[in-house]
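A.B. asks: Protein chains in written order, with my numbering: chain A, 1 to 230; chain B, 1 to 230.
Keep in mind that the hints were calculated from the coordinates and are not lab data. Misleading hints may appear alongside valid ones.
Claimed, not checked - The calculated lysine-lysine pairs, modelled on DSS-like cross-linking and capped at a C-alpha distance of 25 angstroms, are:
| hint | chain 1 | residue 1 | chain 2 | residue 2 |
| --- | --- | --- | --- | --- |
| 1 | B | LYS203 | A | LYS16 |
| 2 | B | LYS89 | A | LYS17 |
| 3 | B | LYS17 | A | LYS12 |
| 4 | A | LYS203 | A | LYS89 |
| 5 | B | LYS16 | A | LYS12 |
| 6 | B | LYS203 | B | LYS89 |
| 7 | B | LYS203 | A | LYS12 |
| 8 | A | LYS12 | A | LYS89 |
| 9 | B | LYS89 | B | LYS12 |
There are 2 protein chains.
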Amino acid sequence: MSTGTRIVELRKGVLKKNDEIAAGLRSRFGAYSLPVVNLVSSPGTGKTTFLERTLRQLRAAGEHPAALVGDLETDNDARRLAASGAPVKQINTHGRCHLEAEMVGQHLEGWDLSAFTYLFIENVGNLVCPSSYDLGESARVTLLSVTEGEDKPLKYPSIFNSADVAVLTKMDLAGACEFDRETARRNIEEIRPGIRIFETSSKTGAGFAPWLHYLAEVRERARAHEFPVP
Amino acid sequence: MSTGTRIVELRKGVLKKNDEIAAGLRSRFGAYSLPVVNLVSSPGTGKTTFLERTLRQLRAAGEHPAALVGDLETDNDARRLAASGAPVKQINTHGRCHLEAEMVGQHLEGWDLSAFTYLFIENVGNLVCPSSYDLGESARVTLLSVTEGEDKPLKYPSIFNSADVAVLTKMDLAGACEFDRETARRNIEEIRPGIRIFETSSKTGAGFAPWLHYLAEVRERARAHEFPVP
Chain A
1 MSTGTRIVEL RKGVLKKNDE IAAGLRSRFG AYSLPVVNLV SSPGTGKTTF
51 LERTLRQLRA AGEHPAALVG DLETDNDARR LAASGAPVKQ INTHGRCHLE
101 AEMVGQHLEG WDLSAFTYLF IENVGNLVCP SSYDLGESAR VTLLSVTEGE
151 DKPLKYPSIF NSADVAVLTK MDLAGACEFD RETARRNIEE IRPGIRIFET
201 SSKTGAGFAP WLHYLAEVRE RARAHEFPVP
Chain B
1 MSTGTRIVEL RKGVLKKNDE IAAGLRSRFG AYSLPVVNLV SSPGTGKTTF
51 LERTLRQLRA AGEHPAALVG DLETDNDARR LAASGAPVKQ INTHGRCHLE
101 AEMVGQHLEG WDLSAFTYLF IENVGNLVCP SSYDLGESAR VTLLSVTEGE
151 DKPLKYPSIF NSADVAVLTK MDLAGACEFD RETARRNIEE IRPGIRIFET
201 SSKTGAGFAP WLHYLAEVRE RARAHEFPVP
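Chain A on its own, in the form it takes in the complex:
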């Protein structure tokens, strides 16, 4: 067996092990009817700012969201998110380019999941590798900022294809970036036909009403135990 073949087989083994742990997490979240949202995107798309506003608005509406946030190094993002008042834990991957289900499970320790009405997981900024790792989430959300270019869905298809919904961020910069909204939407839909797309600005709050409405739907599905089967 060549080294290449062995690596592919071991990689499958890693993914299989991850899928088993993710299935366990999904059962555990299901027992609490807890909706879990996995946010994936490039570095710099604005995941943290988007999540910070989401946490604040959910809390203002009487919800109890919590968040895990992954980064190679630093706890900058956890500190930013904790300013919302929500419980937050940082996961440092120390060079690993994605979160794995095992890391999520380890960081749930000490938390009473029955106290939460949402759990968000902000993945490591990477438009490739996180697409292969199920984290037991109820919904996977792929974000794309208007500054990144309309062609990204075609060039990074797996992360858009595995998404439940897509979020365009930094819409307030659309003019300055000469962002072509129709082309971006068409490219996302080419990779994932029929997907819902939210157009948002975390700076102005534009587009957050339909996004929060979607989150309420995800929560209703979790209560009815209608998790999508991966």
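Once you have looked at the hints, place chain B on chain A.
C.D. replies: Quick look at chain B alone, frame taken from chain A:
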């Protein structure tokens, strides 16, 4: 031996094999005194637009640059770069999150390297994985756009630490993004003390004169066979 340990060992094997192929490429490039520049960044930093302008300006100055460009899928970038008039080949990684030395070697076939005065390699957009893969380059350039946030060097240290120089892109958007130039520079220098940083706009051409001056230095070093030893 646990699966985890086996994977780490096989991974070291992959990197060792890549390093051997990269060393072979470096000798081959050295035989032609050909400077090779590896461009790495997140998706959407503007590598392709930056490289397109670089190719045009080098050609206008009488140079003969060529480029390889990596993407998971599509040949969009190769087509954009080829509009500069330079020879360009697309490398599709089909899901792989970085370029490897072997892919570079395969795509040199049919090219007469003695006809080129520069070879650029635009890596897959990824701020983590490409840092581990030597491509036989003379210089590794890490790009960061002003839209991505000043904290990225701290959160993705390996790709900044392994860079020879750093390039800030989209400086024309600095105002709209409330980009904090001093903080960004300080964060880059914290990870890679003493590194040269170019502040550029591919839209206006700002900052390209010092960048092209740097490229001329890289070329002089290649002619003097002063490749940095990885």
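A.B. asks: Each of the hints needs a verdict: does it hold here or not?
C.D. replies: Hints, one by one, checked against the model:
1. B:LYS203 - A:LYS16: violated, 46 angstroms
2. B:LYS89 - A:LYS17: violated, 38 angstroms
3. B:LYS17 - A:LYS12: holds, 21 angstroms
4. A:LYS203 - A:LYS89: Status holds; Cα separation ~24 angstroms.
5. B:LYS16 - A:LYS12: holds, 22 angstroms
6. B:LYS203 - B:LYS89: holds, 24 angstroms
7. B:LYS203 - A:LYS12: Violated: B:LYS203 and A:LYS12 sit about 44 angstroms apart, past 25 angstroms.
8. A:LYS12 - A:LYS89: violated, 29 angstroms
9. B:LYS89 - B:LYS12: violated, 29 angstroms
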